[in-house]
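With these hints in hand, go ahead and build the complete structure from the sequences.
Each chain, written out:
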Amino acid sequence: MIWLDVLVQGILLGGLYALFAAGLSLVFGIMRLVNLAHGDLIVFAAFAILLITATLGLNPFLAALLAAPLMFAVGWALQRFVLNRVLGKDILPPLLVTFGLSVALQNGMLEVFSADSQRLSVGALESASINLGIVTVGTLPLLTFASAVAAIFLLNRIFYTTALGRAFRAVSDDPTTASLMGLNPKSVFAIATGLAMVIVTLAALYLGMRANFDPSIGPARLLYAFQAVIIGGLGSLWGTLAGGAIIGVAQTFGAQINPEWQILAGHIAFLVVLLIRPRGLFPRAVD
Amino acid sequence: MHQVTTRTRASTIAGIAALALIAVGLILPAFAPRSLIQDLFFILTMLTLAQLWNLIAGFGGMVSVGQQAFVGIGAYAMFAGVILMGWDPVPAILLGGLAAFLLAIPMAFFAFRLAGAYFAIGTWVIAEVTRLVIAQWKTLGGGTGTSLPREATSDIIGVETIANLFGLRDAAARDVLAYWLALGLAVATMAAIYALLRSRTGLALAAVRDNDNAARSVGVDARRVKWIVFLAAATMTGLVGALIYVQTARISPDAAFSVTNWTAYVIFIAVIGGIGRLEGPILGVLVFWGLQTAFADYGSWYLLALGVLAIATMLFAPRGLWGLIHDRTGLSLFPVQRRLILIDERSKP
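Each protein sequence line maps, in turn, to chains A and B.
Each residue of the first sequence is one higher than the one before, counting from 24 in the numbering used here.
Each residue of the second sequence is one higher than the one before, counting from 22 in the numbering used here.
A couple of the hints might just be wrong.
[Claimed, not checked] Simulated restraints on C-beta separations:
no., chain 1, residue 1, chain 2, residue 2, range
1, A, Arg189, B, Asp348, 34 to 44 Å
2, A, Pro282, B, Leu105, 26 to 36 Å
3, A, Phe104, B, Leu123, 38 to 48 Å
4, A, Ala147, B, Asp233, 54 to 64 Å
5, A, Leu298, B, Asp191, 41 to 51 Å
6, A, Val172, B, Val239, 41 to 51 Å
7, A, Arg142, B, Arg221, 56 to 66 Å
8, B, Thr160, A, Thr159, 38 to 48 Å
These aren't lab readings, by the way, just hints derived from the structure by calculation.
Built from N, CA and C at the ideal position, the CB exists for glycine as well.
This is how it looks when you write it as structure tokens:
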């Protein structure tokens, strides 16, 4: 029974990784931009939530609700004033700008918040669990997974049934033609990055409630997010959920065998998928 | 009659100046203080790493964020040669190059499968995997690391000769040896890159970077060119990594596979100096060294400022300091641009 338990824990952990991945996938899908500071932005959002809970004495869920529009503004401004200037045929400038941002953010947070581990405290919910008969699962992991499913569902709805989603798809396919139709691709990009930062806030909320975080853990989150995106197949949001689950299961199984192998097992699962199915499990995009 | 050449008057003068500088560099330990030799060792090794990154990213369009894998594996292979096989540290540097070469094969295999910009994170993942695996290697200290044994560092080939020649203590003589090796590696790397860029393969590399499909359509074997350049750069990076750790004599997975030290700094050097030019990293490493000496005590603030500086450079001067100089003056010390020269037939006998 222990292995079934490990499997379920792994899948639920995958929900968190899918939340990490959804924002990365959204931004890449719309503007072919890989944001190397994605993991650090997640940590940044976690500190923002922490700061709001500490100053206003709010519950982390409410604090995240306040942090979300702030992070939207951060994402919008980042895209509008920095990233839009370097987008183009050449992939090098945006990569290097976001890499510089990653280093700057990490060290800025280190100065402001120190290297101490932090946690978003939610009292009894942290240890609450639900007995499902064959396995007992933590309420918080279950909530994480449910939020990931809800977030991906909503993102898909936005993408395929709203005017904003149509704009996203149009500028993604052909920014020149889209701008002939009265869209300003740069504004659309800014909204997309803002939206990605809202998902980042949600990811940060669960990251901070489930485990300790400190300014240095961003890059590792970026790697998990990236692996979930690639395993799922570029352009598929539901794919990132599957990808996250695969990384999560590999990590919990690795940890069960030897705690030192947890992270390594996740990376190796990613490499195995890349070996067998280089385009991921559910590829949509052709590029 | 016509002729295609990359040579200019400036490049001839630069070439002569470079030879003179190398000569000065070689005899420098005879009169320079030890601290200068140590600083130059740092500058030369960072310069070599930056030139190699510039080769694959700036000239080859392969933006790697996983160069720390090659530095780390190179350093660890050298340690393994010394500790497990009883090699002298200097020849063991070659093991570092070999190990980096062997690691680059699977890394290229996996990372080349990733579309566009995801290549960068792919290389990062492989570097992480390598670090985690090496941290399991208990004979070499596992996660906490280990030091080169005193017997190995005390009688490195050539150190005694250098000590007698310059009248130095052993420790200072080791610095001189490491400095000479760093100078040799830096010169060899830059000469090789320059030769490559002026060759047909270099032209093919630029074509692949600028437009993969167009390059292929005129018969360039894009995959082969990328593989060759990636493997060569990885091997050289491994040699540099091993050399750095011969000098440091103490290793740990976190330090040897540090993203900040071996990739972030290296990228900043290339970006600030100017990507896609041989002159860029040379200028960049001098700026970086100046900043490092002046501000390194500020720790995270310093790194924060470097990150911001890199962003600002990409936004306002994407071709770096050398790009600015080149735009103003048209100066190119190591030109790779091919120019057509018409030779007047009438003036010929």
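Hints, one by one, checked against the model:
{"no.": "1", "hint": "A:Arg189 / B:Asp348: 34 to 44 Å", "verdict": "holds, 42 Å"}
{"no.": "2", "hint": "A:Pro282 / B:Leu105: 26 to 36 Å", "verdict": "holds, 27 Å"}
{"no.": "3", "hint": "A:Phe104 / B:Leu123: 38 to 48 Å", "verdict": "holds, 44 Å"}
{"no.": "4", "hint": "A:Ala147 / B:Asp233: 54 to 64 Å", "verdict": "holds, 56 Å"}
{"no.": "5", "hint": "A:Leu298 / B:Asp191: 41 to 51 Å", "verdict": "holds, 49 Å"}
{"no.": "6", "hint": "A:Val172 / B:Val239: 41 to 51 Å", "verdict": "holds, 49 Å"}
{"no.": "7", "hint": "A:Arg142 / B:Arg221: 56 to 66 Å", "verdict": "holds, 59 Å"}
{"no.": "8", "hint": "B:Thr160 / A:Thr159: 38 to 48 Å", "verdict": "holds, 42 Å"}
In summary, the structure agrees with every hint in the numbered list given earlier.
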